[in-house]
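So you can see what is in the structure, the chains are spelled out below.
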Amino acid sequence: MSLALSAEEQAIASGQDGAAMAMRIVAESAALLGAPRLIPIASAHIDGALYHGDSGTLFAERLVEGGARVAVRATLNVGALDLMGCSRVRLEEPARGMARRMMEAYRKLGCEQSWTCAPYQAGHRPALGSDVAWGESNAVVFCNSVLGARTNRYGDFLDIACAISGRAPDYGLHRVENRQARLVFDVSGLSASFLGSEIAWPVLGSLYGREVGNAVGVVAGVSSHPGEDALKAFGAAAASSGAVGLFHIAGVTPEAPDAETILAGGRPETVIRVTPEMAAKARAGLSTAITQTAIDAVAIGSPHLSSAEFDALEELIGGRRLHVPIYACTGRHVLTTLERSGQRKALEASGVVIVADTCVVVTPILPDLAGGVLMTNSGKFAQYAPGNTGYAVLYGSLADCVESAVAGKPRFTDIAA
Amino acid sequence: MSALAEILVPGRAGEGEALVLTAPISFWGGVDPQSGRIADVRHPQHGETIAGRVLFLPGTIGSSSASAVLMELVHNGHAPAALVLHEPDAILLLGLIVGREMGWRTPVALRLERGAFAAYRGKRVSVADDGALTTAI
Chain Z
48 MSLALSAEEQ AIASGQDGAA MAMRIVAESA ALLGAPRLIP IASAHIDGAL
98 YHGDSGTLFA ERLVEGGARV AVRATLNVGA LDLMGCSRVR LEEPARGMAR
148 RMMEAYRKLG CEQSWTCAPY QAGHRPALGS DVAWGESNAV VFCNSVLGAR
198 TNRYGDFLDI ACAISGRAPD YGLHRVENRQ ARLVFDVSGL SASFLGSEIA
248 WPVLGSLYGR EVGNAVGVVA GVSSHPGEDA LKAFGAAAAS SGAVGLFHIA
298 GVTPEAPDAE TILAGGRPET VIRVTPEMAA KARAGLSTAI TQTAIDAVAI
348 GSPHLSSAEF DALEELIGGR RLHVPIYACT GRHVLTTLER SGQRKALEAS
398 GVVIVADTCV VVTPILPDLA GGVLMTNSGK FAQYAPGNTG YAVLYGSLAD
448 CVESAVAGKP RFTDIAA
Chain E
967 MSALAEILVP GRAGEGEALV LTAPISFWGG VDPQSGRIAD VRHPQHGETI
1017 AGRVLFLPGT IGSSSASAVL MELVHNGHAP AALVLHEPDA ILLLGLIVGR
1067 EMGWRTPVAL RLERGAFAAY RGKRVSVADD GALTTAI
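Those protein sequences? They're chains Z and E, same order as listed.
Residue numbering for the first sequence follows the numbering used here, beginning at 48 and increasing consecutively.
Residue numbering for the second sequence follows the numbering used here, beginning at 967 and increasing consecutively.
Everything labelled a hint here was simulated from the structure, so no lab data went into it.
You may find that some hints are simply not true.
Covered by chain Z, according to a simulated footprint, are these stretches of chain E (three or more residues, beta-carbon under 8 Å) [unchecked claim]:
id : stretch
1  : 977-983
2  : 1001-1014
3  : 1018-1025
4  : 1037-1045
5  : 1087-1097
Where a beta carbon is used, it is the ideal one built from N, C-alpha and C, also for glycine.
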């Protein structure tokens, strides 16, 4: 089926301005995907404002010069700079200036200055069943899976093009039939103590992503709601080890009251029975460091930390002085709370470096250290830190990360899968 | 050897040594946007460069910023000579669609069955703008 644009869409696309450019990008993507039409969207989350090089800045400025404005609510994902001035970003000129110009261009397009990869914890929560265009792989998977709003994995540039045109290709996860699960990821063979631990969700997410690729699956065998931050960690890990855009958890996520309801035809094509060995292997696979005698830093907050996660961090540190810094990445929506409560001051006094508006794997914040070792409790940081920062990674729970930061060397608590 | 592949995104013809990836890759975090070198230490082709190569992709994973990395490679002259994908990848290929809108010269992207990739390994491949793939002898 070929793409049919409405007369209005065609008229916009044939223009010379920024709106025309945006409409053409949406239409070309729709044609590539085989979408029959464009559909209206309720909101957008824009991942395109992170500096990867000059080309992205030039694109955003071209849209601004063309008079484009977003037609729907559009929040911004992280940028390359900490505009709140909490941490020092080692991005040098001319890249620094280009990154700033890029952030400024997206502001001029009418986007909200949210600068977070967890917009869903910063007040942007589209309604169940609504169509939206979100970028940033963890935000996409959370939006689809936990909120039940409908989005595909919008790549950089298509997100802003959709926000400007107010439209998205009618394709993929916007269509109900594509949201049904085809496989079951059964975790009932894992111990209750492991499933109740903090590391269960990032570890299982990493395994899930690798096992399912881009398929839609339903996780079975979870007896109680693990909490929103656990689902955030699961989705982020799954979307970085695989191409996961939507998962269901039977009895937990809104489209899956039980596994049968969400399975296409009521039965799975495949059942993945997760064994303790598989979970242990996935956990080990999150670490890349060969020697485990010392660590140089801890990084947490991918996705950005919530207020509840900061509370847990503060409690675990308990006023002790850290031997190596903990880089705690978050958005300005949480920073305000931390400042009001006095937590920011207390955490920084212990040696925590708060990073706002950005994070340590998207821009140079960690010291440039050959052979550095970074410990993290984030499946997503574990996936990307080696390639983006040059640090080898050790994976552990938040409690282990804190104890290791205090000691300056890795401390692990055994949690059997 | 030759084949006629479906054009996913039109672009300029190219020629280069084939790079057949044996595992899916995340362009963001997996490929250095300045040089085109594969930076993902867990990837089997870690250390190889995609710049100037005819790149055969069995699949892509991970971040939605793949498009930004590919467009940056187009802009700084380190893009692959051509891309050959098993299936259309709307995230990655946006880098070419937007690059064309910006008026930059973008490589052609083709669709070819994954099973046909291996035959091009280690060969010099030329890709015409009509989708014809030919190996040099």
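Going down the list of hints, with the structure as the test:
1. Check on the stretch 977-983 of chain E: 0 of its residues sit with their Cβ under 8 Å from a Cβ of chain Z, so the three-residue criterion for coverage is violated.
2. Coverage of a stretch by a chain is defined here by at least three residues with a beta carbon nearer than 8 Å to that chain's beta carbons; for the stretch 1001-1014 of chain E and chain Z the count is 4, and the condition holds.
3. Only when three residues or more bring their CB closer than 8 Å to a CB of chain Z does the claim for the stretch 1018-1025 of chain E stand; here the count is 1, and the claim is violated.
4. Under a criterion of three residues with beta carbons nearer than 8 Å to beta carbons of chain Z, the stated coverage of the stretch 1037-1045 of chain E is upheld, 5 such residues being counted.
5. Three residues within the 8 Å Cβ limit are the bar, and the stretch 1087-1097 of chain E against chain Z gives 0, so the coverage statement is violated.
In this structure, the earlier hints numbered 1, 3 and 5 are contradicted, and the remaining ones agree with it.
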